[in-house]
Amino acid sequence: MDSTAPSTMPRGAPIPNTRDHDNKGRDTTVLEIRNLSTEFVTKRGAFRAVDDVSLELHAGKTLCVVGESGSGKSVMSRSILQIVDPPGRVAAGQVLLHRHRTARDAGIEDTVDLLQLSPTSKAIRNLRGRDIAMIFQEPMSSLSPVHRIGDQVGEAIRLHERVSKKEMRERTLELLRKVEIPNPGKAIDQFPFEFSGGMRQRAMIAMALACNPTVLIADEPTTALDVTIQAEILDLIRSIQDESDMAVLFITHDMGVVAEIADEIAVMRYGKVVETGDVYDIFEAPQHPYTQRLLNSVKELDQPSERRLAMRQARPVGAPCLVSDGVTKVFGAGKNWRGREARGLLAVDRADLELRKGENLGIVGESGSGKTTLGRCLQRVYDVTAGHVLYTAEDGRELDLAPMTENQLAGPWRDIRTVFQDPFSSLNPRMTIGQIIAEPLVVAGKLTAPEIRDRVFELLELVGLPDTAYMRYPHAFSGGQRQRVSIARAIAPNPRIIIADEATSALDVSLRTQILDLLLDLQERLDLSFILISHDIAVIRYFCDRIAVMYRGRIVEAGDTEEVCRNPAHDYTRSLLSAVPVADPRMRGQKQRVRYTETT
Amino acid sequence: MFAVSLIAFALITAPPGDYLTSFAATLAQSGDVVDEARLDALRERYGFDQPFIVQYFRWIGGVLQGDFGISFEWQQPVGQLIWERMALSVTLALATLMFTWALALPIGIYSAVRKYSIGDYVATTIGFIGLATPNFLFALVLMYVAVVYFGSDVSGLFSEGYQDAPWSWAKFGDLLSHIWIPVIILGTSATASLVRIMRANLLDELYRPYVTTARAKGLSEWRLILKYPVRIAINPFISTIGWAFPQLISGAVITAFVLSLPTSGPLMLQALLAQDMYLAGAFILLLCCLSIVGMLVSDILLALIDPRIRFQ
Amino acid sequence: MTSKIYSDPDVTMVEPGKLGAAAHPDPRTATANDDPRALGQAPEDFASQWKLIWISFRKHKLAMTGLIIVVLFYLIGAFAEFLAPFDPNASSAPDIYHPPQMIHFIDRAPDGGWSINPHVNFLTAERDPFTLATTFTEDPDRKIYLDFFGKGDPYRLWGLIPMERRLLTTENPDEMFFLFGADRLGRDMLSRTIYGTRISMSIGLIGVSLSLVLGLILGGISGYFGGRTDMFIQRVVELVISLPTIPIWLGLSAALPQDWSPLTRYFAITVILSLVAWTELARVVRGKFLTLRTEDFVTAARLDGCSRGRVIFRHMMPSMVSHIIASVTLAIPVMIIAETSLSFLGLGLTPPIISWGVLLKEAQNIRSIAQAPWLFVPGAAVCLAVLALNFLGDGLRDAADPYVQDND
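Protein chains in written order, with our numbering: chain A, 1 to 600; chain B, 601 to 912; chain C, 913 to 1320.
It should be emphasised that the hints constitute simulated quantities derived from the structure, not laboratory data.
Don't take each hint at face value.
To be verified - Cross-link-like lysine-lysine pairs, in silico, DSBU-like; alpha carbons within 30 Å at most:
| id | chain 1 | residue 1 | chain 2 | residue 2 |
| --- | --- | --- | --- | --- |
| 1 | A | K166 | A | K186 |
| 2 | A | K165 | A | K186 |
| 3 | A | K122 | B | K771 |
| 4 | B | K715 | C | K1063 |
| 5 | A | K357 | A | K299 |
| 6 | A | K166 | B | K715 |
| 7 | C | K963 | C | K973 |
| 8 | A | K186 | A | K122 |
| 9 | A | K178 | A | K165 |
| 10 | A | K272 | A | K299 |
| 11 | B | K715 | A | K122 |
| 12 | B | K715 | A | K165 |
| 13 | B | K827 | A | K186 |
| 14 | B | K715 | A | K178 |
| 15 | A | K357 | A | K272 |
| 16 | B | K827 | C | K963 |
| 17 | B | K827 | B | K715 |
| 18 | B | K715 | C | K1055 |
| 19 | A | K178 | A | K166 |
| 20 | A | K166 | A | K122 |
Use the sequences and the hints to build the structure in full.
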């Protein structure tokens, strides 16, 4: 097969805001995507996931493709190497790789149209991993669980270069060192499951760098990671890029990450690129209404909600109503079946916390910090190993929930309700919305059937859903709508406290503010107090009056949200805050990142 | 093991009466006078008047020393009767397992990779029919076809000349020329179910992110599939030793009966029908133990092949 | 929740402009502009789980075929007396190993005219004086005319309702016809196979019900209580699974007293079969219980104040029922094969009970099958029934969770 397309190709539609030449006047475009379309052929017909996308990548520059879920950005990135899983297939377009413009192959004109090559041909396989390498979102599932790290990284070298086994091992070690994996000599023989998420992603990057690619495609590489790890990975990608003049195509949904790393931006929506341009220009003056809205919702989130501040003025915060007094939770402790003593996992360690009436308390922490466990302990979904959960009931009595049995908890559970994180698993798919919302009322048995019906309609109205939702099943609803149903169920028995565990994390940015505003609206109308558990500082800053920072099961710092965010007292909080990407490219590099290492 | 031996013994002592009752019944039928005193003496000698637990411990004690007791019907020690038949049973089961794997692995991979191709449909259809046909029926049909269309008898494991001959290479060759028929019969349904399992597992793995990763590295399609998803999808294959082995042994009992193979099945059946308890007990115990050994072997192999299990 | 094959969050099966696309957005595509009040009007939005299961099941052609065949088999079993032309135990000495006859509908008179009148041609038996082998030759002049819904031997439907009419009878009550041939006692194989259907299919059903009860209770206990109880039950399940079934079945049924009545024996065999078969169902139930227990909506139900019983029966059960039905359907064929095998070896059901296994016992030796290959007919019935049940079960299993997007 003739793999080299003629180099004098007609130029496609000019792409605005791209600089075709570097400062020496040389054309640095290494990868051009022209009018790319990718279709998914199903029984219901063909669906265009990527629709007429044109982009350019320049050596040494990072192009960020932003878009919310379903915008086709990930499929687009896979179309480049033709590795879209069936039934997806590239329908039209060109992907031109200008190999002569890279540092390595400088000289003779050498342009390849990747889409002209058969997806299984040797020609395209030689390009994959050598000229264009990819890293993916899920560092756990993107590595084979049964092969050693060294084998998987080394394979990328052996596939494209003739090297001996020994040489391969040497180079693999060097790569692991380059991506800052500690103790590479040991890591090379380990399996992915022995690594943490961040280390796995580093290994993925090592694999991608194996043959010094011209182009690195990174598909949401930090989405599954905690912010502190994310910051490290972004640093790593940037430093490698500085060294090697590699072009990076970075796919993300996070405007903060874009502001941190992008040189240029392409905004995608419904498979189309709606706006492209220089990162500073776009953050300064977005042209397309969608880009504007996207940026607005991000900017809105990073400051306290005006609405909340106004509400606090009108109705000041009251006395504590839910107090966690030294709550400790150990999983799996006690004797196992052979009578041996098991040590167990300390998930929450002596947590002291209080929620005051009419206030919003945020619990922030990274994965594994014990924030969800603490939330569940406060509600007594989990048994508490030690400590007290003191709840002040409506009539002023103080109850300790910790030693209560499930039957005794029925009362408090009507007052303290939950909104779950996953809008899909929290609604029983086999019940109608009406049944789901009515369930707590039916079980309480205080109202007659028609009264319950009327109440459900009232609740639907409150959360902004139409009456017609009543007879439908959850599968008819979108994520945001389901979360509203979940909220309606939570407020059904007239509760006083709502614990929302990552209630907005599964939603796109633009929906988050909608849901948070709804919660604030309900707070005003129904006199509620909230505990919001989240890993996302922006969300907490918007919604919460006070914040508690958790790290490895302990509350390391608590206080007024603005106070903590501006002047963090604890080192961990400082490192957490410094890792959060700021959605403003001008702030780039000004912030000093702090790494936190435990000193105990 | 202990539980198994208890079950096996409970099974064989469960029938009301004992061998002597049926022995007496046979004698009475043929007109002989049954001497009550003689029966009682025999009963005492074999310990049939003892409670269950005592009988069990006497038996299992013997088994542990390699003494399986005496077959009433054959008037020979059970040990002498069973070993050759057990050996043939195991040979048959192992041969079938090999056959099953050799067939099911490639077909399963092909079926999954070329999903909804003609080959996949053919494999699926044959698989379904293989699953739906009881072993013995398949054996009967095969015998019928052999007799009617080829005029040959396919039963047995040896030609007549070698039946009682001592072991030699010639006899071994003769065994090989006979063993393929029961192997096919036994292997068909196991192959069918394995193909389905392999196909389903591989389909689960084929679109995992790590496959995309490997593809993005530039691996060729077949090497990629064999190295990554197949490597992981093969785990259930290894565990088949655990469950397919008991199944094969099970199936072998009936097939062996139909084809009158000199394996353990027919003799065990006969022993069960005649309440020849020590003989039947020895068979059931050994077959069960064999299954459990298969289970252990598969667990060990699994741990060897999958580091995730090894590190647990 | 998400589709099995796409790990890519960006792939959505939305098809703009068509029904079920704009009206039925994939929940994951929710974007800024989605108005909480905008709801689709697709009929599926109002469909309960059973409706959704039915919708996806209907698309499965093999499974639908399976369903029809299975229903037919059970109807045959239920109305065996009416459908069988003769008493299955009535023997007829002249018709030993009578071969099957073809049924003809068009009756040609010798003068060339024709009329529609179902009949079979008579076969004359001749016995070779030396070998004593009987051969049957067709006599084109002698025809046995058949009647639909004619009167035959009187019988009681389900042992209760006295009736005379049968689906197909001879016009002359003294004549016989053998569509599936006759066995070594000259009994009609068609009638016997039809009666066998009743026993074989019902033993599958009853046996599975028994193992379902066992599996539900033990699996439920195991899954709900967890901990040490679960440990113990799991060990037992593993033990039972590791045993080779047929030797155990053989041992157990050999333990049945020979002098039990056929009916007692029938039930005893059913119990024996289910004793070994419950483990699979227990595993399914336990697994489902364990996964459901951690689902958020179950926690939500607890927090709604539901009692333990209400959580299990109102919130968890509906998600399990369809899976259980599917596994039950897949367990029936195993039972049928087991019964057939046991009876075939003479350790299961014994005459006068008629089951497919009992009938196949007749086909045990090579000589009889060489002479009368139609003795395989019950075997074909076994295959067909097992195949149909497998198709049905597979289809049910695929449709059992209508909320997982399938990508076929």
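For this structure, which hints from the list above don't hold up? Of the numbered hints, 3, 4, 6, 8, 12, 14, 15, 16 and 18 do not hold.
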